[in-house]
Amino acid sequence: MKLTTKTIISGFLSTSSYAQTTNFSEFFNITTFPNQDYDLASAVIQEAREVAGVDMWPHFMHRCIRSQAYPELSDVSQNDGFIEPASPFKNVFFVGQSHWSAWAIDTGNRELLLIDTLASPEEAEAIILPGLEKHGYTGADIKWVIITHEHFDHYAGTRFLQERFEPFVYASEDAWITMANETIYPPLYHNYSKVRTVSEGETVNFNNFSITFHLTPGHTPGTISFFFPVQDHDAAGTPHLAGIYGGGGIPSTASAKVDQVNSFNRFSNLAREVGADVLLSNHQTQDNSLWHFDLLKYRKCDAGGCNLPNPFVVGTDAYARYLVTMGLCVQLKAARDGQELPGSNATIEARAAEQFDHECEG
1 MKLTTKTIIS GFLSTSSYAQ TTNFSEFFNI TTFPNQDYDL ASAVIQEARE VAGVDMWPHF
61 MHRCIRSQAY PELSDVSQND GFIEPASPFK NVFFVGQSHW SAWAIDTGNR ELLLIDTLAS
121 PEEAEAIILP GLEKHGYTGA DIKWVIITHE HFDHYAGTRF LQERFEPFVY ASEDAWITMA
181 NETIYPPLYH NYSKVRTVSE GETVNFNNFS ITFHLTPGHT PGTISFFFPV QDHDAAGTPH
241 LAGIYGGGGI PSTASAKVDQ VNSFNRFSNL AREVGADVLL SNHQTQDNSL WHFDLLKYRK
301 CDAGGCNLPN PFVVGTDAYA RYLVTMGLCV QLKAARDGQE LPGSNATIEA RAAEQFDHEC
361 EG
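Read left to right, the sequence shown gives residues 1 to 362 (the UniProt record's numbering).
Hints are computed from structural coordinates only; laboratory data are not their basis.
We put the CB at the ideal spot given by N, CA and C, even for glycine.
Check the hints yourself; a few may be wrong.
Per label pair, the in silico range of CB-to-CB distance [unchecked claim]:
| hint | residue 1 | residue 2 | range |
| --- | --- | --- | --- |
| 1 | T212 | G81 | 31 to 41 angstroms |
| 2 | T21 | K194 | 56 to 66 angstroms |
| 3 | A69 | S255 | 20 to 30 angstroms |
Only pairs whose alpha carbons sit at most 25 angstroms apart, straight line, appear in this in silico BS3-like list of lysine-lysine [claimed, not checked]:
| hint | residue 1 | residue 2 |
| --- | --- | --- |
| 4 | K297 | K143 |
| 5 | K134 | K297 |
| 6 | K134 | K90 |
| 7 | K300 | K134 |
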């Protein structure tokens with residue numbers, strides 16, 4: 001084809017016309033922090049990066065960077081979606097969806113403990129129950145429910161399960177007060193005899209399966225966190241201790257941020273004391289469970305070992321550092337927002353140096 005001035009101009013006009021169809025109103029805007037304390041933010045992000053190290057880098061990037069500087073991308077990473085039920089440990093089953101997680105634990109005698117109930121009765125019926133069936137259980141096997149905190153995406157399926165299967169339901173007092181007065185799918189409370197309230201340091205036995213609860217306010221006033229034993233799928237059934245921190249999202253007010261920083265740090269210390277080495281969460285973006293599930297599909301174990309490590313097993317030091325990193329990300333958000341957190345910002349470097357022995361990268 002012979003190029004002429006006419007064809008070149010014609011092509012340019014058609015390309016320009018095509019480019020003009022881009023709808024920039026659908027683009028997300030650049031996130032700015034006009035009130036930030038830049039020097040403090042710089043110090044905090046440096047400390048968070050060093051505490052996270054290489055192994056906890058993805059979690060640092062999610063909570064300190066992506067969810068703060070690119071919140072729209074963070075939201076997209078947890079769109080509603082179906083996830084194949086999975087079992088990262090013996091008798092531990094993922095029965096949630098892409099946006100929020102639910103975990104079931106066989107405590108023995110095929111009696112299940114369910115952690116969180118998703119965001120609606122429909123999700124409980126269409127996601128949790130089929131997920132349990134995939135692993136050979138039914139809803140009637142759910143004997144106990146734990147609600148990690150009082151946001152609807154973690155409790156809204158509870159009433160459906162209560163009315164259908166009558167499990168005991170455990171939550172903190174603050175969570176119960178809020179949920180009982182909600183208008184969006186409130187769980188049965190006042191006339192439900194199987195309501196249970198947990199307190200700080202309380203150990204509850206579910207069959208021979210024990211969980212010790214800790215109050216970790218911040219994300220919400222009623223957030224609870226806990227540790228529980230698990231066994232790997234390797235030939236030896238290697239024992240580990242899993243931790244679930246009940247609410248990782250950063251709250252808006254300065255006082256709630258202070259609570260959350262303190263809760264993260266306290267739970268980190270507890271994790272070191274008890275030797276927790278498995279990172280689980282109630283959102284897949286906080287434990288990378290979706291990526292881990294895909295890895296585990298290709299994990300083969302025999303008497304000689306496994307071809308891949310279990311990615312949920314991070315080690316006690318890493319799990320403790322993960323929690324402090326999350327607390328530092330909260331402090332970073334406060335610095336970006338120009339919020340002063342009394343009693344926390346001034347001690348960032350001292351606290352991290354006191355609690356952690358890690359190599360700083362060059």
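Status of the hints after comparison with the structure:
Distance hint check for T212 and G81: the Cβ-Cβ separation is about 33 angstroms, which falls inside the suggested range of 31 to 41 angstroms. Between T21 and K194 the Cβ separation comes to about 58 angstroms, which falls inside the hinted range of 56 to 66 angstroms. Here the CB-CB span from A69 to S255 is close to 24 angstroms, well matched to the stated 20 to 30 angstroms. Taking the CA atoms of K297 and K143, the gap is near 29 angstroms; set against the 25 angstroms cutoff, the hint is violated.
A threshold of 25 angstroms between alpha carbons decides the hint, and for K134 with K297 the separation of about 15 angstroms falls inside it, so the pair holds. The suggested pairing of K134 with K90 holds, with an alpha-carbon distance near 15 angstroms, which does not exceed 25 angstroms. Restraint check for K300 and K134: satisfied, since their Cα atoms lie roughly 20 angstroms apart, inside the 25 angstroms limit.
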